[in-house]
Amino acid sequence: MTGVPAGAPAFDLLRVPVLGALLRRRGARLALRAALLVAAVVMVAQGLFGSPLAPKNVATVLTWVHFRGALVAVLLLAGNFFCAACPFVLARDAARRLVRPRLTWPRALRNKWPGVALLVAFLFCYELFDLWGDPWWTAMLVVIYFGVVLAVDGLFQHASFCKYVCPIGQLNFVASTVSPLEVKVRDAAACHTCQTRDCIKGAPAGAPEPRRGCELALFQPRKIGNLDCTFCLDCVDACPKDNVGIVLRMPGEELLDRRNRSGLGRLQKRPDLAALAAVFTFGALLNAFGMVSPVYAVEAWLSRALGVRAEWPVLGLLFAALLVVEPALLLALAAAWARRAARLREGLVSIAVRHCFALVPLGFGVWLAHSLFHLLTGFLTLVPVVQGTLADAGVPWLGAPDWTLVGLPAAAVQPLQLGLILLGLLVSLGLAWRLAADDRPERPATVFVPWAALCLLVAATALWLMSQPMEMRAVALAG
Amino acid sequence: MTPAPPAVGAAGVEVAVTDAAGAPVSGGTLRLEGNMSHPGMRPSFADCREAEPGRYRGSLDLTMAGDWLVQVDASFPGGRRARRTFPLPGVRPGP
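As given, the protein sequences belong to chains A and B, one line each in that order.
At position 458 of the first sequence the residue is numbered 458 (the numbering used here), and the sequence of numbers has no breaks.
To convert a position in the second sequence, counted from 1, into the numbering used here, add 1000.
A couple of the hints might just be wrong.
Restraint-style ranges between C-beta atoms, simulated for each label pair [to be verified]:
(1) A:Gly147 - B:Phe1045: 37 to 43 Å
(2) B:Glu1052 - A:Trp464: 44 to 50 Å
(3) A:Leu317 - B:Asp1047: 53 to 59 Å
(4) B:Phe1045 - A:Ser467: 36 to 42 Å
Example chain B residues on the side facing chain A (calculated, C-beta under 8 Å, incomplete) [stated by the list, open to error]:
(5) Met1041
(6) Pro1043
(7) Thr1063
For the record, the hints were derived by calculation from the structure and aren't laboratory data.
On a predicted model such as this, the values are computed, not experimentally measured, just so you know.
The beta-carbon is built from N, C-alpha and C at its ideal position, and this holds for glycine as well.
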């Protein structure tokens, strides 16, 4: 006897001994957030007052080598646990003990357009201010994040910042659609008799056991997939029937689901979510492009053509071309090709919105290839940086910095990069086929071919980028 | 710095050290440290020797293309020390 009811999910992380019990404990989750809050404070202090050299500063090393790589690795292997451990939530909850927000998020902004715009702005600032190479700006990024969280969630109820504003959260939401774990109802039948809906409403202050419901407006029985789920596990705490788990599922499957989902509606009716998926995918290419040799030539050529020396107009043009015009053009071309070949009767936007989600696994493969490169080739650099920081502070407990500690050789990581991009391509092609089969069950190839061509083009671009000499830029125009 | 523009591989570095009046400062010990602008990369180190009064030369291994920062740590007779960091942008891929 295992105590697991018949029909329960095959794997439920919350039923794993020790780990499951830890995740279920609010105190343990708070401790995790508190640990990351301490790390954030250390990073801010180091970024503002530590070494101005990015490779020798804890803030830049932790943020751009370890945090970024670990984030995508956890998303690939488990789920959106970085949002679950977000230290900003701890600051927000502490502030809300003093001031209760009274406003609701404006109806006109209850979509992903603000998130899309802020994600583009974040990627733009990352390039413009060379965030990876600047400890001060890295620290300021954390400070600004705390400020915006406190401002937004100080004014607006629920998790407005997480759901509509946070650019990193939007990236996590999209990437987590390809994660293997999902916060989900264990037994759907058990919800049929539920009258209280604690998972979304919670139990109010004054109740015998006050509990918070889902702050992101996800009603568990109608929740589908990981979009907008921060893995905070408030629903797990709230459910009086202990009917919410973290279960194993088929990665990417949720991107095919056309049902109405709680807190989101139908994916195929959400151009804002499709735009987020497009920015996620093409942003991965653009972010990688910023690190390779040809970007020098392109920026220099644009600089001469525009007759400017400042970087922002050149970068702005690149972003407009590669993150707006190119995706829109390619998606429109694929949609037009599919409509003509399969004699679909919908508009181009409707077709593009539905099929755009097939690109997500491929985009995630590119993010993985890029971020894991930095993590795997540089994970040991934190050791000498910490040694040096302590030694500079007059606490040489760890000895002299050993700068020979780096990580794996780049050549050893390249096969993994290739494999991640090809794996993403395969999953994207599989999704594209199934979406095509939904559109034209009798002739899926007519719809599939255009989207497969787009996937292949994105994958070929990613493979070309990864094959280019890596350059670590951090200056304005190369001239 | 030679070659100019700098390229991946051994780079010749020449550092001129003068006092406030512009007179060359001899007898110092200079150590170079090259770091990529991006964290997570192996730094390069090199010592310089004084080739002529106040002019110190060394060879720094630039292991990757991109933007580097070269830090010069100098110590002089009498215990005087100095540190300067110079940007070295646009190191090109090797031949």
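* Asked: Among all the numbered hints in the text so far, which are the ones the structure does not match?
  -> The structure breaks hints 3, 4 and 7; every other hint is satisfied.
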